[in-house]
Amino acid sequence: DVKVTQSSRYLVKRTGEKVFLECVQDMDHENMFWYRQDPGLGLRLIYFSYDVKMKEKGDIPEGYSVSREKKERFSLILESASTNQTSMYLCASSQNRAEQYFGPGTRLTVT
Amino acid sequence: GQSLEQPSEVTAVEGAIVQINCTYQTSGFYGLSWYQQHDGGAPTFLSYNALDGLEETGRFSSFLSRSDSYGYLLLQELQMKDSASYFCAVRATYNQGGKLIFGQGTELSVKP
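These protein sequence lines map, in sequence, to chains A and B. Position 62 (the first sequence) corresponds to 62 in the numbering used here; numbering is contiguous. Numbers in the numbering used here are just positions in the second sequence, counted from 1, shifted up by 111.
In short, the hints are calculated from the structure, not lab data. Virtual Cβ for every residue (Gly too), placed ideally from N, Cα, C. Take the hints with a grain of salt, since some may be wrong.
Stated by the list, open to error - Computed footprint of chain A on chain B; a stretch qualifies when at least three of its residues, placed anywhere within it, have a C-beta under 8 Å from a C-beta of chain A:
(1) 150-160
(2) 211-219
Unchecked claim - What follows is a list of derived Cβ distance ranges for each label pair:
(3) A:V12 <-> B:A127: 13 to 23 Å
(4) A:K3 <-> B:H149: 13 to 23 Å
(5) A:T111 <-> B:Y141: 40 to 50 Å
(6) A:T83 <-> B:D150: 20 to 30 Å
(7) B:Q130 <-> A:I77: 34 to 44 Å
(8) B:E188 <-> A:I77: 17 to 27 Å
(9) B:L165 <-> A:V12: 39 to 49 Å
(10) A:G40 <-> B:Y181: 21 to 31 Å
(11) A:T111 <-> B:F140: 38 to 48 Å
(12) B:G169 <-> A:S80: 41 to 51 Å
Unchecked claim - Quick list of in silico lysine to any residue cross-link-like pairs, SDA-like style, CA-CA up to 20 Å:
(13) B:K192 <-> B:S119
(14) A:K13 <-> A:Q95
(15) B:K192 <-> B:K222
(16) A:K3 <-> B:T155
(17) A:K57 <-> B:T137
(18) A:K3 <-> B:G151
(19) A:K70 <-> A:Q95
(20) A:K57 <-> B:S138
(21) A:K3 <-> B:Q148
(22) A:K55 <-> B:H149
(23) A:K53 <-> A:D26
(24) A:K3 <-> B:H149
(25) A:K18 <-> A:S67
(26) A:K55 <-> B:Q190
(27) A:K53 <-> A:I77
(28) B:K222 <-> B:S178
(29) A:K53 <-> A:D28
(30) A:K55 <-> B:T204
Work the whole structure out from these sequences, hints included.
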């Protein structure tokens, strides 16, 4: 079974803090994705990566950056957290098919 | 722009059949996927249609008409555990690592 894990289920940070969200997959997938999910807006793609050290902007990259130093790990970074970044963050991985495997999510609250 | 439209809510009774529609407007099209997400859980993959027609997987079926830019998810013999949000998603590019565009989701409530 594919397993995608995220470092925290719940996180509370203060405005202006630097926040790291970690995602690890164990199936040697090429592709990894970061989404945020907000009520009524579905899943919106922040960044994705199709190879180590490669990254591409998704639909809402502003205020975020990513890092992929190893194939199994994809990190999302909020350089200076703001209250409008309070959301559920979902990581996913895939191997060039339509099926993406999601992690359990991190609910981030920025106060 | 690129957009997917699906109803925000659907209600049905246990044992019934329900259809969740999805229409899309995207710059390219390589397939339509469906995902299920229970409250507090992660989205899980249900089905994928790259070609026109019906794909059946147990109680769930998914249909695609590329000429109409339209697809649907059909759930039969509804059970209480089917209460969840259902998302359609389009693969709009061939490369870019299987990037998907998601709809806003349909919340299905199954009543006894």
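Going through the hints against the structure:
no.: 1; hint: 150-160; in the structure: holds (count 6)
no.: 2; hint: 211-219; in the structure: holds (count 6)
no.: 3; hint: A:V12 <-> B:A127: 13 to 23 Å; in the structure: violated (42 Å)
no.: 4; hint: A:K3 <-> B:H149: 13 to 23 Å; in the structure: holds (18 Å)
no.: 5; hint: A:T111 <-> B:Y141: 40 to 50 Å; in the structure: holds (42 Å)
no.: 6; hint: A:T83 <-> B:D150: 20 to 30 Å; in the structure: holds (24 Å)
no.: 7; hint: B:Q130 <-> A:I77: 34 to 44 Å; in the structure: holds (41 Å)
no.: 8; hint: B:E188 <-> A:I77: 17 to 27 Å; in the structure: violated (46 Å)
no.: 9; hint: B:L165 <-> A:V12: 39 to 49 Å; in the structure: holds (46 Å)
no.: 10; hint: A:G40 <-> B:Y181: 21 to 31 Å; in the structure: holds (22 Å)
no.: 11; hint: A:T111 <-> B:F140: 38 to 48 Å; in the structure: holds (42 Å)
no.: 12; hint: B:G169 <-> A:S80: 41 to 51 Å; in the structure: holds (47 Å)
no.: 13; hint: B:K192 <-> B:S119; in the structure: holds (19 Å)
no.: 14; hint: A:K13 <-> A:Q95; in the structure: violated (33 Å)
no.: 15; hint: B:K192 <-> B:K222; in the structure: holds (10 Å)
no.: 16; hint: A:K3 <-> B:T155; in the structure: holds (12 Å)
no.: 17; hint: A:K57 <-> B:T137; in the structure: holds (18 Å)
no.: 18; hint: A:K3 <-> B:G151; in the structure: holds (17 Å)
no.: 19; hint: A:K70 <-> A:Q95; in the structure: holds (16 Å)
no.: 20; hint: A:K57 <-> B:S138; in the structure: holds (17 Å)
no.: 21; hint: A:K3 <-> B:Q148; in the structure: holds (17 Å)
no.: 22; hint: A:K55 <-> B:H149; in the structure: violated (30 Å)
no.: 23; hint: A:K53 <-> A:D26; in the structure: holds (18 Å)
no.: 24; hint: A:K3 <-> B:H149; in the structure: holds (18 Å)
no.: 25; hint: A:K18 <-> A:S67; in the structure: holds (14 Å)
no.: 26; hint: A:K55 <-> B:Q190; in the structure: violated (41 Å)
no.: 27; hint: A:K53 <-> A:I77; in the structure: holds (15 Å)
no.: 28; hint: B:K222 <-> B:S178; in the structure: violated (35 Å)
no.: 29; hint: A:K53 <-> A:D28; in the structure: holds (15 Å)
no.: 30; hint: A:K55 <-> B:T204; in the structure: holds (16 Å)
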